[in-house]
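Here is what each chain is made of, one letter per residue.
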Amino acid sequence: MTTLYWEEEIETLPRVGLESIQLTRLKHLVARVYATVAPYRAKMDAAGVKPADIQRLTDLQKLPFTVKNDLRDNYPFGLFTVPMDQVVRVHASSGTTGKPTVVGYTKKDIKTWAGVMARALTCAGATSHDMIHNAYGYGLFTGGLGAHYGVERLGATVIPVSGGNTKRQITIMQDFRSSVLLATPSYALNLADAMAEMGVNPETLALRVGIFGAEPWSENMRAEVEKKLGIRAVDIYGLSEVIGPGVAMQCLETDRGMHIFEDHFLPEIIDPETGEVLPPGEKGELVFTTLTKEAFPLIRYRTKDISRLIHEKCACGRTMVRMEKVTGRTDDMLIIRGVNVFPSQVEHVLMGTEGVEPHYQIEVNREGNLDTMAVKVEVSEALFSDEVKTLENLTRKLQADIKDLLGVSCKVQLVEPRTIQRSEGKAQRVIDKRKL
Amino acid sequence: MLVEQIAVFLENKSGRLAEITATLAYHGINIRALSVADTADFGILRLIVDNVESAKKVLKGAGFTVGITFVVAVEVADRSGGLSQVLMTIEKARINVEYMYAFVNKSGENAVLIFRFDDMDKAIAALRQDKFTILSGEQICAL
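Chains as they are written, first to last, in my numbering: chain A, 1 to 436; chain L, 437 to 579.
Only chain A is shown next, with the shape it has when bound in the complex (with noise of 0.2 Å):
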């Protein structure tokens, strides 16, 4: 198989031209930013830093980072760079926890946008011949439009179906030939259950690769989605902040991390307790500084999710530095008796279980000063016995095996099918019922 490149010559230049092209861009955007910026230069001058201070990369370090409240701080427009006669569009995250964060492209951020999700999707093997089914949801969600625009770019044909309508969703993959699905992992799942219920065999349909991101998922979530769908499930990075889906894709020649349009998006690890920059190739918070964008840059933005880079090379050719899948998020980090629990890592270990469904919920609680967890698991048909000593030991073992990875124990409880509440979009993996 020869490895498909959008812009082969930025993506396999040698390190030291990336550099070299990146340093060019970060002096630029930290003049402009300081210069149109009010916010910025505050924070700047806070910290004594003046733009002529970067003179190598490693002086992105100097400057002080951007949390998701400057951006509420600064609601809606605070931050943008340019007049709004040349802001072209405006995303939003939902604002679940507070005041929505606007985000604002010019005519050449939406260019930019297309151009590394059209690099994304030639990462995952599609062409201007692929018909690309994009359930990313349409809106406000940077996922449905920054998708669709890259499909568009990459001269494939774009089926915008969007979130929701799920058996109208299957008809149009049999109907039109779907042969690249974009969504969130966790309606893939859901897709693959209504083809079941719907007797449609995933193998008559044109569907080759999956596209998945915007939210955490689990290598063997991974396993699941490609053996329920007959698929290759490939893993897409990107956060509306940043600018949308494509800041970082995996490639076909490898499972482990994806590439980050570095020439674009300039990332970090740091230590989410102390801001430390990481030593390469540990764990930490995942921090992006935005080299092109115009409407809204932005310098040193965490972004919560926890990841490593790759620095080794990988098959593909691609000289991009790669990101590990992300595990999870700082503040999905939940905390229980001390102990630091990812959704994920529960993920891990139901998956890694025989018949257990990808369908589960963590239940969080206070009973008097102790917290206790509970993992509520739906009984399939694989797992169901007329036996109860049957069903005791699953649930026994699944407590086990938890308690063994995560260092803190729960209780599993079984449930009845379909009771937890199926995806759309993004899987509401946590109920936290205490009162702090």
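Derived from the structure by calculation, the hints contain no laboratory data. Certain hints may be false.
As the list claims (entries may be wrong) - Some, not all, of what chain L presents toward chain A, calculated at C-beta under 10 Å:
1) Val444
2) Lys449
3) Leu453
4) Gly499
5) Val507
Claimed, not checked - For lysine-lysine, the following DSSO-like pairs were computed, each having C-alpha atoms within a straight-line distance of at most 30 Å:
6) Lys493/L with Lys167/A
7) Lys433/A with Lys449/L
8) Lys403/A with Lys99/A
9) Lys403/A with Lys227/A
10) Lys492/L with Lys389/A
11) Lys449/L with Lys411/A
12) Lys403/A with Lys304/A
13) Lys389/A with Lys496/L
14) Lys397/A with Lys376/A
15) Lys167/A with Lys496/L
16) Lys433/A with Lys68/A
17) Lys43/A with Lys68/A
18) Lys376/A with Lys449/L
19) Lys325/A with Lys227/A
20) Lys376/A with Lys496/L
21) Lys492/L with Lys167/A
22) Lys496/L with Lys227/A
23) Lys376/A with Lys313/A
24) Lys403/A with Lys449/L
25) Lys167/A with Lys228/A
26) Lys492/L with Lys227/A
27) Lys389/A with Lys528/L
Given the structure is predicted, the values throughout are model-derived calculations rather than measurements. For every residue, glycine included, the Cβ atom is placed at its ideal position computed from N, Cα and C.
With chain A's structure known, arrange chain L on it following the hints.
Positioned in the frame of chain A, the structure of chain L alone reads:
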């Protein structure tokens, strides 16, 4: 000579059992015998019905997890010692009872014992050897 039994997973919440019986009633399925195994967290309902295939289909359709297992039905005279004699045979053959339940048939002369053993084949052989009456699924429905 095995009888098909339907097992249904029951979450511990009110109204689930009623929902099952209502579903079966709506589809005209008659329950011949049943037992509920309950733990602190969940229950397992086991049913002998007159139409296994249809019961399985409608219960699955109503969203329940359903399994089919095979059990042995032994008919004994409804008098003191009836069950005891069966269990002596089973014990002698060193077979374990996983669970059991019983019902008395309409005429009131005989009782039917439903067993799940750890070794079904061995149990049937032992029961046959001691001349016990083993009923088929059709015979149970005809009672």
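Outcome of the hint check:
1. Val444: With Cβ-Cβ at 9 Å, under 10 Å, it holds.
2. Lys449: holds, 9 Å
3. Leu453: Status violated, d = 12 Å.
4. Gly499: With Cβ-Cβ at 6 Å, under 10 Å, it holds.
5. Val507: holds, 9 Å
6. Lys493/L with Lys167/A: holds, 21 Å
7. Lys433/A with Lys449/L: holds, 20 Å
8. Lys403/A with Lys99/A: Between Lys403/A and Lys99/A the Cα gap is close to 37 Å, so the pair fails against 30 Å, i.e. violated.
9. Lys403/A with Lys227/A: holds, 27 Å
10. Lys492/L with Lys389/A: Between Lys492/L and Lys389/A the Cα gap is close to 23 Å, so the pair holds against 30 Å.
11. Lys449/L with Lys411/A: Satisfied, since the Cα-Cα distance of roughly 17 Å is no more than 30 Å.
12. Lys403/A with Lys304/A: holds, 25 Å
13. Lys389/A with Lys496/L: Holds, at roughly 23 Å.
14. Lys397/A with Lys376/A: Given pair Lys397/A, Lys376/A holds - Cα atoms ~14 Å apart, limit 30 Å.
15. Lys167/A with Lys496/L: With a Cα-Cα distance of about 19 Å, the restraint between Lys167/A and Lys496/L holds, given a limit of 30 Å.
16. Lys433/A with Lys68/A: holds, 24 Å
17. Lys43/A with Lys68/A: Holds: Lys43/A and Lys68/A sit about 15 Å apart, inside 30 Å.
18. Lys376/A with Lys449/L: holds, 14 Å
19. Lys325/A with Lys227/A: It holds: about 19 Å lies between the C-alpha atoms, which stays within 30 Å.
20. Lys376/A with Lys496/L: holds, 20 Å
21. Lys492/L with Lys167/A: It holds: about 24 Å lies between the C-alpha atoms, which stays within 30 Å.
22. Lys496/L with Lys227/A: holds, 24 Å
23. Lys376/A with Lys313/A: At roughly 41 Å apart (the allowed maximum being 30 Å), Lys313/A and Lys376/A break the hint.
24. Lys403/A with Lys449/L: Measuring from Cα to Cα gives roughly 27 Å; hence the hint holds.
25. Lys167/A with Lys228/A: holds, 17 Å
26. Lys492/L with Lys227/A: Between Lys492/L and Lys227/A the Cα gap is close to 27 Å, so the pair holds against 30 Å.
27. Lys389/A with Lys528/L: holds, 24 Å
Comparing the model with each numbered hint stated earlier shows that hints 3, 8 and 23 do not hold.
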